[in-house]
Amino acid sequence: MIEESVKSALGHLARLNLQGDVYGERSQKVTFSIMNGEIADSTEYEDMGLGIRVIKDGRIGFGYCVPGKERECILRAAELSRLSGTSGIILPEEQGICNVKTYDEKVRNALEDGMGSELCGNMIDAAVSTHKDIIPSHGGLFMGSGTRVIGNTNGIFLSQDFTAIAGGIAASIPGERTSLVASESKCSRRMDMDFEHLGTLAGDKVLSMKSKSENPSDKLPVVMTPHAMGMLLWFGLIPSFNGENVRKGKSVYQGRIDEKVAGENISIVDDPTRDWGMGSFPFDDEGVAASPIPLISQGYLRHYFYDLKEAASSDTISTGNGTRGSFKTPPQIGDRNIIITGKNHPVQQLTEGKVILVDGVMGAHTSSPASGDFSVVANPAWLVEDGVKLGRLDGLMLSGNLPGSLETMVLGDDYEKLYDTIGSMSIRMELPSIRLTDITHSG
Amino acid sequence: MRDILNRLVDRSTADHVEFRYHRRDQKRIEMVKGDSEEVHSSTYGGVGVRVLVDGAWGFSSTNRTDEKELTDTLRIAEGAARLSARNKKEKVVLEDDLSPVRGTFSAKVNDSVTGYSIEDKVKLLIGLDREMMSHPDIVSTRCLWNELQDEKVIVNGTGTDVRILDEKVEFYAIAYADLRGEKVVGMESRGVTGGWKDLFSRKSPGEMAQDAVKTATQLLKAKHPKGGNATVILNPELVGLISHEAIGHTVEADFVLSGSVAQGKIGQRVASELVTMVDHGNASPHAAGWTPVDDEGTPSQRTEVIKDGILKEYLCDRETASLLGMTPKGNARAYEYSDPPIIRMTNTFIEPGDHRLEELIEETRDGYYLQGAMGGQADANAEFTFGVEKAWRVVNGELTELLRGVSISGSGFEVLKSVDAVTDDFEFQMGSGYCGKFQMAKVDGGGPHLRCEATIGGKQ
Amino acid sequence: MDEKKLTLDVMDRGAVYCDIRKERWYSTVLNLKDGVPETIIQGEEEGAMTRVLYGNGWGYVGTADMSSLESAMDRAFMMAKNSDPLRKQKTGLAHVDPQHSKVIMPMKEDFRDISPEEKLDFLRDIEGHLKCDFVKSTDIRYRDTLVKKEIITGDGTHVEMEIPRTVTYMIITGKSDTVQMAVHGVGGTGGFEMSRSTYDHVDTVKDMLKNLLKAKSPPSGKLPVVMDPHLTGVFSHEAFGHAAEGDLVASGNSCLKGKIGEKVASDMVTIKDDPTMDGYGTFPFDDEGTKAKNRILVKDGVLNDFILDRENAWKLGMEPNGGARAEDFRVKPLVRMSNTILEPGDMHFEELIEGIDRGIYAKSTSGGQVSPAQGTFQFNAQVAFLIENGEITRPLRNVSFNGFTLETLQKIVGVSKDFETGVGHCGKGQSAPVTDGGANVLISQVTVGGRE
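Residue numbers (this note's numbering), protein chains in the order written: chain A, 2 to 444; chain B, 14 to 473; chain C, 3 to 454.
Rather than coming from a laboratory, the hints here were simulated on the basis of the structure. Just to be clear, a hint being listed does not mean it is correct.
[Stated by the list, open to error] Taking beta-carbon pairs under 8 angstroms as the criterion, some of the chain C residues facing chain B (in silico):
| id | residue |
| --- | --- |
| 1 | Asp302 |
| 2 | Asn400 |
| 3 | Gln412 |
[As the list claims (entries may be wrong)] If you want the ones that stay clear, here's a sample from chain A, every Cβ over 12 angstroms from chain C, calculated:
| id | residue |
| --- | --- |
| 4 | Asp48 |
| 5 | Gly89 |
| 6 | Met194 |
| 7 | Asp316 |
Each residue gets a CB set at the ideal place from its N, CA and C atoms; glycine is no exception.
Start from the sequences and build out the full structure, keeping to the hints where you can.
Written out as structure tokens, the structure reads:
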């Protein structure tokens with residue numbers, strides 16, 4: 002049905018002799034939310050709509066609408082295009098599209114059969130059974146399935162189904178003024194998640210926070226879990242690969258292609274062609290074929306990333322990094338499926354000796370992408386000796402420089418997929434725990 | 014259990030070790046309009062271990078009680094203490110002029126509430142709620158029931174080995190009336206250490222519900238007061254509240270050391286000579302802050318914080334007592350097994366004097382008689398503001414009209430300095446409340462009636 | 003399918019309650035960055051959310067496909083029925099009188115009659131007024147939205163409403179020793195006339211930036227602080243208002259639980275949340291179809307009311323007052339604020355500051371954090387001034403202050419007669435347009451911290 006609607010919009014564009022592209026999305030989502038130890042409610046929503054970009058004399062106008070209103074929307078967008086500045090944007094033509102797995106029938110079925118409440122219940126029960134004081138204070142489960150369609154007046158018409166499932170649970174031990182809270186979350190595109198395990202992990206984690214250690218005054222190595230490191234990298238480092246930031250001088254990597262910027266073992270790739278990646282897709286939200294983009298390869302800076310508009314401004318080609326928050330927002334430049342690879346060490350090796358283990362950071366969004374400097378509060382964090390958590394650390398401030406840390410960081414082998422949305426942007430990454438030795442901690 | 018703990022105390026390499034086993038049964042019922050209800054029932058327990066190594070504390074806890082787990086927990090606490098010892102400049106020294114305490118201490122319980130089923134209690138609350146709702150002026154009601162049955166075993170390196178069996182119970186009946194969009198509240202509450210007969214020794218639950226309704230409906234007709242400084246007569250609840258909130262916290266040794274207003278004032282006049290303020294965990298068997306032995310194993314003793322108007326003592330634990338050259342008197346308390354003990358009050362009160370309440374009122378030309386508290390705050394400077402449930406205007410020795418929306422504020426010490434009469438009656442009236450200071454604590458407070466000067470707030 | 007009949011059918015099948023909320027949204031978004039149009043979007047969308055309460059279980063199902071409303075309702079019914087036996091807590095809905103009404107909130111100047119071109123010209127003109135030697139870059143964001151809603155409930159309510167909202171944000175930056183930014187938003191419920199008044203605020207935002215550029219770091223410690231009406235509004239909303247939201251109160255996540263009738267602030271403090279006054283958060287009926295009412299949360303220092311939807315009103319034994327709001331048709335309504343105001347008093351601004359030897363006058367806010375459960379807050383002022391010997395002396399930046407909400411409310415010792423409001427979007431999982439406002443307020447002592 003959404004395909005027809007996109008086709009109809011493309012037909013109108015052709016008849017009106019206009020250039021442009023049409024993005025359509027139809028999705029079904031269900032969320033179960035956890036409050037105070039039980040499933041408080043579940044919400045199901047079926048969404049659909051079109052985002053239409055009209056290009057007239059190089060000027061862009063954008064509108065969105067519900068199916069059936071394509072023509073009015075196009076006329077409005079064409080009218081709006083007169084108001085914008087010119088851009089040299091060139092829409093893609095037909096290309097070879099690779100095959101990427103993004104759809105699992107089992108997730109779709111689970112969604113339709115309302116299996117979510119059972120899975121969510123398992124997660125709650127597992128958390129509760131770790132200890133009597135524990136209340137799964139909040140969290141939830143998400144399942145989604147849908148179709149994305151992109152077509153343009155250069156003859157592209159692409160459609161792909163996708164599924165996603167995610168769960169998160171915060172286990173808390175209430176206290177009068179200070180409650181202890183620890184959360185666990187995981188996501189997948191496939192029906193391969195163990196929700197019970199997730200609940201147990203959250204419960205065990207908060208229990209390990211009950212004893213408190215004094216913040217160490219001597220400088221210790223810091224081990225960041227995938228979740229904590231992912232947030233830090235997404236705010237503090239990944240924007241430096243963004244072509245627009247490079248052009249505008251807001252990137253530490255401006256003019257440094259082929260320079261050595263990281264340890265020889267370290268590679269960062271934006272790879273949407275990986276099967277089942279949270280940001281994987283055979284084409285981007287502007288219809289550009291997906292391919293892996295090595296950003297840093299074995300220590301050397303190799304590429305920045307671009308969408309169509311920024312490619313035109315920077316006089317290069319799109320790397321397939323046009324992303325949309327929903328059909329209501331115009332395409333914007335963004336990362337897709339960031340993966341950190343290199344020499345992996347068993348994760349136990351990372352916590353040998355005395356280290357600070359950090360599972361979450363507050364204030365990652367205040368990192369400066371222009372310099373890579375960051376200053377965050379670690380929460381939760383523990384003092385760990387030879388893998389044993391001695392006690393939690395409260396109010397520990399961490400500061401450092403991410404591009405600098407790339408030289409010395411050590412990768413674990415416990416890869417996790419991350420998925421989160423910040424405004425209309427998405428965080429989609431895959432990385433292991435990482436040991437950093439050049440972090441200043443205080444507080 | 015006690016064998017294991019004693020074995021572990023002997024085995025520990027720490028300079029001092031404390032084990033505290035604490036098991037708690039809690040039942041809580043909340044009823045709204047006799048309809049919406051919440052019933053929580055939980056049983057939990059575990060062991061908290063605190064050790065002192067090289068002058069630094071380490072704490073850990075576990076909800077399991079087998080010897081292997083407890084050995085691990087002890088090891089973690091020792092590890093944590095050792096680590097923090099490396100960074101600690103000022104070493105902790107404990108006051109050690111203590112003799113070990115042994116034996117079992119049981120709360121005095123008349124008609125234990127464990128003898129009543131949860132259904133009986135729910136039924137009681139529904140009945141009271143409905144009865145209160147049946148009054149035409151009452152738009153909403155709430156009833157609350159909360160009970161704690163605690164068993165504690167405290168074993169430490171000083172040789173202390175005690176078992177404490179405790180039962181505490183609280184009850185609230187609250188009625189709300191509505192005056193053109195403004196809510197008017199009548200509340201009756203009580204909390205005690207003991208059983209059903211102790212809880213309802215002053216009034217039956219039915220009488221409490223009736224009184225809550227009576228207060229709310231009386232207040233519907235009440236006027237707002239004029240603000241300003243005034244002579245006030247405080248009832249025992251307000252006396253307890255000011256003693257606890259405005260004065261008590263400023264004399265807790267940890268707050269004193271971090272610069273509270275009471276720092277350096279020992280030996281100075283801080284109140285009228287009529288005022289003697291005491292904190293005592295064993296002041297009365299039914300006071301809600303009953304604490305025969307604290308969680309460091311120190312038996313409760315009477316602390317005369319203020320004696321005849323002179324500041325005499327701070328409330329200490331073993332660490333701060335050693336630091337300040339004082340005696341620990343049973344104020345180191347932890348709310349649950351997973352909390353380390355910190356300095357807390359127990360039952361805080363002002364000693365009765367020799368005036369009769371009737372005389373006090375008769376002698377007062379122009380003032381207020383204040384009964385019961387409705388919220389408020391105090392800070393480390395002893396500045397306080399409390400809402401007052403019922404305020405009677407006193408004119409020429411007689412209670413005239415009832416006022417509502419009255420608040421009382423001032424500096425705790427200034428107010429106590431202005432005390433010119435203390436009555437001969439005495440009650441604990443704060444037992445339904447909790448004190449929050451990083452963790453909860455069950456406390457009580459009270460005293461006689463006092464006459465003093467304070468600032469009355471309100472709008473007319 | 004007739005929606006009325008749909009709801010009645012579900013009630014016949016044993017539901018305790020059900021409703022349908024249909025919405026159609028029309029939006030225009032314009033963003034002018036340094037005089038160049040950056041984003042120009044026009045769009046419309048529609049959808050519906052159905053809710054069913056069966057026993058103690060809720061089901062919420064929404065759809066953008068209006069032809070499938072019947073199956074959405076059926077799924078919501080099944081969802082509710084399946085979740086009923088799993089629920090440990092009892093729930094219910096407080097009674098409200100059924101409403102039948104259609105309210106079209108007026109636009110003096112209908113923004114649909116103004117072309118995007120004209121709106122853009124207007125923004126260009128504002129830009130011209132903002133530009134000056136110390137303003138290095140400008141970013142002006144305009145949005146108008148018209149939502150048409152229809153709410154049909156299983157217990158007899160059927161209301162329709164049209165709510166237009168317009169907002170313009172001015173963001174300007176300049177550079178002295180560091181880059182500084184000043185932000186100010188203007189808007190309300192109504193048409194393009196709301197934006198016309200943006201001109202009146204151009205100097206406000208420019209003054210703010212000018213002062214920030216020459217500002218120094220603040221002193222720290224416990225100091226008297228005067229909050230301007232904007233900051234007072236945000237404080238009332240963030241630090242106090244959230245704790246007065248019925249859902250947080252009923253679930254035990256508010257420091258105000260059980261405190262109705264208690265003294266929670268100084269006698270000078272009266273705080274209301276009023277969806278019936280003029281503001282950005284104004285509406286005639288909430289998203290459950292309950293008639294919107296003014297709620298006096300604190301009256302003369304005494305806690306008087308909460309913000310309540312029907313479910314939480316039932317749990318707390320109180321009257322619903324129109325507190326249910328949903329961001330759009332994709333989500334269920336939550337308990338939300340509307341226009342939150344700390345009522346002005348009778349003092350002059352000069353009287354507030356004349357007795358202050360050393361203190362801070364803090365204006366507007368650039369963010370902060372609150373914990374309604376613990377009753378703590380931390381705010382950053384957008385710009386501040388030092389008060390010395392009863393006079394405002396020099397500008398300060400990076401001023402933050404924190405404390406316990408209830409303790410701080412007790413320490414309000416002066417409230418001026420000035421009154422101003424500001425617009426914002428409140429986030430609580432969903433976004434809601436709100437107005438916050440108040441007077442200049444003197445807090446006798448609060449912890450002030452600087453950061454550099």
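So, going through the hints one by one against the coordinates:
1. Asp302: holds, 5 angstroms
2. Asn400: violated, 26 angstroms
3. Gln412: holds, 5 angstroms
4. Asp48: violated, 5 angstroms
5. Gly89: holds, 15 angstroms
6. Met194: holds, 21 angstroms
7. Asp316: holds, 19 angstroms
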